[in-house]
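The hints should help you fit chain G onto chain L, whose structure is shown.
Chain order of the listed sequences is L and G. Residues in the first sequence are numbered consecutively from 1, following the working numbering. Residues in the second sequence are numbered consecutively from 1001, following the working numbering.
Please keep in mind that the hints were generated in silico from the structure rather than gathered at the bench. C-beta atoms are modelled at their ideal positions from N, C-alpha and C, and glycine is treated no differently. Heads up, a few of these hints could be off.
[Unchecked claim] So the derived label-pair ranges between C-beta atoms look like this:
hint: 1; chain 1: G; residue 1: V1224; chain 2: L; residue 2: K15; range: 22 to 30 Å
hint: 2; chain 1: L; residue 1: Q35; chain 2: G; residue 2: L1023; range: 25 to 33 Å
hint: 3; chain 1: L; residue 1: T38; chain 2: G; residue 2: Y1047; range: 27 to 35 Å
hint: 4; chain 1: L; residue 1: Y30; chain 2: G; residue 2: A1082; range: 36 to 44 Å
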Amino acid sequence: MVTVKVLGSGCPSCKRLEAIVRTIAQRKTYPIEIQKVTEFMDIMHYRILATPGLVINEVVKSAGRIPSDADISAWLDAAADHHH
Amino acid sequence: MEQSTMLETASEQQTLRHRTTLLMGLAVLAWWLAYRSVQPLAAWLTYDLLGLARGSHLGESVAFFLYDVPKILLLLSGMIFAISVIRTFFSPERTRLLLGGKRQGVGNVLAAMLGIVTPFCSCSAVPLFIGFVESGIPLGVTFSFLIAAPTINEVAMVMLYGLFGLRVAAMYVGSGLVIAIVAGIIIGRLHLERYVEDFVWQIQVSNDVFIEHLTWEQRIARAVESVREIVGKVWLYVIIGIAVGAAIHGYVPESALADIMGRNQWWSVPAAVVLGIPLYSNAAGVIPIVHALMEKGAALGTVLAFMMAVVGLSLPETIILRRVLKPQLIAVFLGTVAIAIIVTGYLFNLVV
Chain L
1 MVTVKVLGSG CPSCKRLEAI VRTIAQRKTY PIEIQKVTEF MDIMHYRILA TPGLVINEVV
61 KSAGRIPSDA DISAWLDAAA DHHH
Chain G
1001 MEQSTMLETA SEQQTLRHRT TLLMGLAVLA WWLAYRSVQP LAAWLTYDLL GLARGSHLGE
1061 SVAFFLYDVP KILLLLSGMI FAISVIRTFF SPERTRLLLG GKRQGVGNVL AAMLGIVTPF
1121 CSCSAVPLFI GFVESGIPLG VTFSFLIAAP TINEVAMVML YGLFGLRVAA MYVGSGLVIA
1181 IVAGIIIGRL HLERYVEDFV WQIQVSNDVF IEHLTWEQRI ARAVESVREI VGKVWLYVII
1241 GIAVGAAIHG YVPESALADI MGRNQWWSVP AAVVLGIPLY SNAAGVIPIV HALMEKGAAL
1301 GTVLAFMMAV VGLSLPETII LRRVLKPQLI AVFLGTVAIA IIVTGYLFNL VV
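Bound-form chain L, shown alone (with noise of 0.2 Å):
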């Protein structure tokens, strides 16, 4: 199981990042878990400074920016494999 979060506060990206990443998601053949992290307590536990974040088994990936599709779905593999 790969636990993916996106953190952000309903800004415009932040919700894109989260739709750019379910549609990748859906592609996948393993179980992919997604939440939505929005209260800035539990954001600003993962050491960023500005949103949307990406978060995937507990290691942050991106933040501040929307990362391309292809960087989203290696880290999601690579977290996948990791975990086998």
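Showing chain G alone in chain L's frame:
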């Protein structure tokens, strides 16, 4: 075996780097050629192809429009690319490290300057604010950053350069820095920590932060992406703004505005600031109009004050900051920045 794979990747990386360098060189050359041919092309289209008379109202307006639109869009793409590459070397996380342990004064100056080069979106103002004050950066220094980052706006900077020239663009950046530094120092001196929402002080922020290490290829790819995003967002405003500006340029008589927007009207600067605050998202469209107004007699200080109120004092950012600041501190923040902008406007009207 392992060594040979490593060598292969190293040579692959070198090929990639050569290709990136070549592509960059070609892009710069193409940009330069296009930029050089804008003026002759606009004149040829207007006076030869469309057959409009030189010096006529319509001819002047059309030539102005056909020259300014491609010129500004080319300038925006080229310069935002360069600024975006520089910004890949900075991040809010890195800026926080640089500001850590800095006192009032030096800290305010550094924070204002970092505000120009740090990528910042007002939608991230809250995590940034919490991260800064929690790691011990003084409130006033944090505000210098939060004022400089949106006030010294890259689109406004490029458009001022394209339409008014280097001197006005430099004055805009310089006065933005001074406003951010002075307002930050004043807010710091007032000791307003009690007007920060209480939950902010309860959040635990760890001092190690998320820092990325990028290759040049990644920096260039990100810069291309941000050019696409920013130019994609403003191009329509630019065209509409230039169209209105072109109409004013061709049809409004010289010095028609000297009476209402000239330097002798004491109330024109504060009126420009009040008008500018709600106009946030249209900065790109506002500058060409303001440029045309200035040709007809509006004063430079009034115009700059309007500009800075448009980009620096934005309603959306204020609403977002309300989540971490009590109303009293919001009022002090808006009031201090508005007064600083008004004073700057008067100063430019006096001096220039």
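Outcome of the hint check:
1. Taking the beta carbon of each, G:V1224 and L:K15 are about 23 Å apart, inside 22 to 30 Å as hinted.
2. Between L:Q35 and G:L1023 the C-beta distance comes to about 39 Å, which lies outside the given range of 25 to 33 Å.
3. The beta-carbon spacing between L:T38 and G:Y1047, approximately 58 Å, falls outside the hinted interval of 27 to 35 Å.
4. At roughly 42 Å, the beta-carbon separation of L:Y30 and G:A1082 lies within the given 36 to 44 Å, and the hint holds.
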